[in-house]
Amino acid sequence: MKNVIQAFVSSMLFAGFANADTYRDDFSSGEIDTSLWCECQIDPEYPVRSGNTSVGAAGTVLIDVDSRDVGGNNCRFAPVSECVQPGIAVLATDGDEDDADDLTASIFAEFTRSRSDGILKKVLRPNGTTYCSDLVQHAANMAYDAEEAIKGQPIPKLCIQRQELRLFSGLRASATRTSSYIMKFRMPEKDEIQDRVNSMRWVLAQWKHTKLSANYENAPYTFNGQSPFVAVRFDDAVLHVTVQDEFWRCLVAAAKHDIWPDMETINGRIPDKYCFWTGPDDYFGPKPKHSLTLIHHASPVLENATGQYTTLRLEIEAGPSGEVVLWQDDTKVATVTGRLGYNMDQGWKSKIKFKFGHYRDYLPDNHSMEIDFVEIKD
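When you line the sequence shown up against mature numbering (1 follows the signal peptide of the UniProt record, and there is no 0), it's residues -20 to -1, 1 to 358, in that order.
Calculated from the structure, these hints are not laboratory results.
Warning: the hint list may mix true and false statements.
In silico PhoX-like links for lysine-lysine, alpha-carbon gap of 20 Å or less [claimed, not checked]:
id	residue 1	residue 2
1	Lys253	Lys269
2	Lys236	Lys253
3	Lys329	Lys312
4	Lys267	Lys253
5	Lys312	Lys269
6	Lys170	Lys269
7	Lys329	Lys164
8	Lys137	Lys267
9	Lys236	Lys329
FRET-style restraints, in silico, Cβ to Cβ [as the list claims (entries may be wrong)]:
id	residue 1	residue 2	range
10	Glu244	Ser8	22 to 28 Å
11	Arg4	Arg56	38 to 44 Å
12	Lys236	Ser160	37 to 43 Å
13	His118	Pro27	23 to 29 Å
14	Ile130	Asp1	33 to 39 Å
15	Lys269	Lys236	39 to 45 Å
16	Asn323	Ile162	26 to 32 Å
17	Ile162	Asn32	19 to 25 Å
Nothing here was measured: the structure is a model prediction, and the numbers come from that model.
Every residue gets a Cβ at the ideal spot worked out from N, C-alpha and C, and that includes glycine.
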């Protein structure tokens, strides 16, 4: 009888997964697994929908971003978080708040604006480039006003678009233990993305710390919150991956850019020309140097995701002796080591907030991200 009970309990715990620490969604029915993903940052007017199965995939889903949709799609966390598994009441938010205030500059914009070593031949990004007209900003303000009424606190009224799925909080991996994330996805054809030169910021997947230290809640750190310490980005319709040593953001690999030279192969400390400071200008004392070492095992020039599927795999461990390993399809591309992420208080057990979809500057165009599968191993 005891074995029968154990078998029943095991079947309930492991149903749908290869083991207790593996979460995989094949989207085979053209729908998301609602036991894995929180939809609080998906606008209900533009829900995740079934994709095209004619391309050979068993089933896919589409995450759409629409020109009529503007605003942060912020989640509600108090008194009860929206991003815990259904049926679980959690009052503590463990630093789950994630307002739309963490889009720092595009790495391509930083190269054009602040580098003098010729990494770009000319600056193509006009100062103040924006598609955020008064009408669009008004729509954003209206959306944020509605969110503020629900959340009960002010939200920055930024002209951004966000359509992201979040892994439920109870499934998050420890930030300081290696976990693996695999995504197979594709983006629109290149000629369907009208602006490929103005470095409009566009995040496809991001890995962020849960709450770390009270120090980050005090000035001057509160200016933009904590950016993702690992991110898959799509600025200028160029697939690229970045990592961070606290406020230093560095490029790991990138697809070909229309005007930006291919990234060079690196076997050592990441050159400063591939990094930029995302932190406060009035940082206490001299800005520290970043500690990140990069080894390219293959070409750092990624295959782009425009009009074709690509599979990215990232093995991530944050901390003072962290490591990120990047694979594309069957090729091991890069290993990054050093201080990865943000400083953690003594004994603080941070976890990884994982999200994917669209998080970008407002663009007056409709685009879809098509996802074949996502797999997480902790």
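Each hint tested on the structure:
1. Lys253 - Lys269: holds (13 Å)
2. Lys236 - Lys253: holds (17 Å)
3. Lys329 - Lys312: At roughly 29 Å apart (the allowed maximum being 20 Å), Lys312 and Lys329 break the hint.
4. Lys267 - Lys253: Roughly 16 Å between the alpha carbons, so the hint for Lys267 and Lys253 holds.
5. Lys312 - Lys269: Status violated; Cα separation ~27 Å.
6. Lys170 - Lys269: violated (36 Å)
7. Lys329 - Lys164: violated (30 Å)
8. Lys137 - Lys267: violated (30 Å)
9. Lys236 - Lys329: This hinted pair is violated, its Cα atoms lying about 38 Å apart.
10. Glu244 - Ser8: 22 to 28 Å: Between Glu244 and Ser8, where Cβ atoms are some 41 Å apart, the hint is violated.
11. Arg4 - Arg56: 38 to 44 Å: violated (28 Å)
12. Lys236 - Ser160: 37 to 43 Å: About 27 Å separates the Cβ atoms of Lys236 and Ser160, which means 37 to 43 Å is violated.
13. His118 - Pro27: 23 to 29 Å: holds (24 Å)
14. Ile130 - Asp1: 33 to 39 Å: holds (34 Å)
15. Lys269 - Lys236: 39 to 45 Å: About 29 Å separates the Cβ atoms of Lys269 and Lys236, which means 39 to 45 Å is violated.
16. Asn323 - Ile162: 26 to 32 Å: With a Cβ separation near 29 Å, Asn323 and Ile162 satisfy 26 to 32 Å, so the hint holds.
17. Ile162 - Asn32: 19 to 25 Å: holds (21 Å)
Of the numbered hints stated above, those contradicted by the structure are hints 3, 5, 6, 7, 8, 9, 10, 11, 12, 15, listed in ascending order.
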